[in-house]
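> Now for the letters of each chain:
2 protein chains.
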Amino acid sequence: MAKAIHTMIRVGDPDRSIEFYNKAFGLNVSDRFDFDDFSIIYLKNEESDFEIELTYNVGTDEYTHGTGYGHVAVAVDDLDGERERMAGLKLNPLDIKEFHRDGVLLARFFFVQDPDGYKVEVLQKIGRYA
Amino acid sequence: MAKAIHTMIRVGDPDRSIEFYNKAFGLNVSDRFDFDDFSIIYLKNEESDFEIELTYNVGTDEYTHGTGYGHVAVAVDDLDGERERMAGLKLNPLDIKEFHRDGVLLARFFFVQDPDGYKVEVLQKIGRYA
Chain Y
525 MAKAIHTMIR
535 VGDPDRSIEF
545 YNKAFGLNVS
555 DRFDFDDFSI
565 IYLKNEESDF
575 EIELTYNVGT
585 DEYTHGTGYG
595 HVAVAVDDLD
605 GERERMAGLK
615 LNPLDIKEFH
625 RDGVLLARFF
635 FVQDPDGYKV
645 EVLQKIGRYA
Chain E
525 MAKAIHTMIR
535 VGDPDRSIEF
545 YNKAFGLNVS
555 DRFDFDDFSI
565 IYLKNEESDF
575 EIELTYNVGT
585 DEYTHGTGYG
595 HVAVAVDDLD
605 GERERMAGLK
615 LNPLDIKEFH
625 RDGVLLARFF
635 FVQDPDGYKV
645 EVLQKIGRYA
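Just so you know, the protein sequences line up as chains Y and E, in that order. For the first sequence, counting from 1, position 39 maps to 563 in this note's numbering; every step adds exactly one. For the second sequence, counting from 1, position 9 maps to 533 in this note's numbering; every step adds exactly one.
This is chain Y alone, in the form it adopts within the complex (with noise of 0.2 Å):
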């Protein structure tokens, strides 16, 4: 069977992505292979095996988004904490939202978006998602 491993963004700054994903959550570099034209750079935190990888191009700053692709998810103990704190390093994190089906609370969460555009959607832990 198949095990999802990674999912693969191309950034325009190496460095400012892994601080970002560094500070907003907790990932390190677990490995990097520089090429002459390109790197790849592995992200993972002690949450879970599944990494973040960046790929960057030498000379490419800047990507587009189209429609279809969304966000990664990751989800916290204490997103208000996570929140303020995210706030407080001038991450810009959006407001938080609840999101309900007939009365029950099946998700809270909020958005930020890394250095290039992409969003992360970070999601309380509860419910389907504790």
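Only true hints are included.
Since the list gives no way to pick out one identical chain from another, each pair is judged satisfied if it fits inside one copy or across any two copies.
Derived DMTMM-like pairs (lysine to aspartate or glutamate); straight-line CA-CA distance at most 20 Å:
#1 K649 to D573
#2 K621 to E608
#3 K643 to E577
Calculated from the structure, these hints are not laboratory results.
Given the coordinates of chain Y, work out where chain E should sit on it, guided by the hints.
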């Protein structure tokens, strides 16, 4: 700390996507929330807690792919066998490629596209991907 839990993509036909991700990667529907104008569907298998989240917006059949987002990757034990199996299912897997550095085999993989054109990288479980 933040735990990576899912990646979200928008799809034009949820049944078509569910069938593809099941056939290709053994992912099954772990949850489904249907609303008047959209549906959210989570796909998971026993290899990982990490899920693919499909968003279906009623009436939207197509999305655009920017240049930024790359792919989700999965790892399998038998890359050749999986590629052959997917080819037999007419899923159009691309050729197997190898990625070396300094004479060392870093990765062995192929790509396959889902029905909406999202790329999925299938890696052999070797080295850092084991």
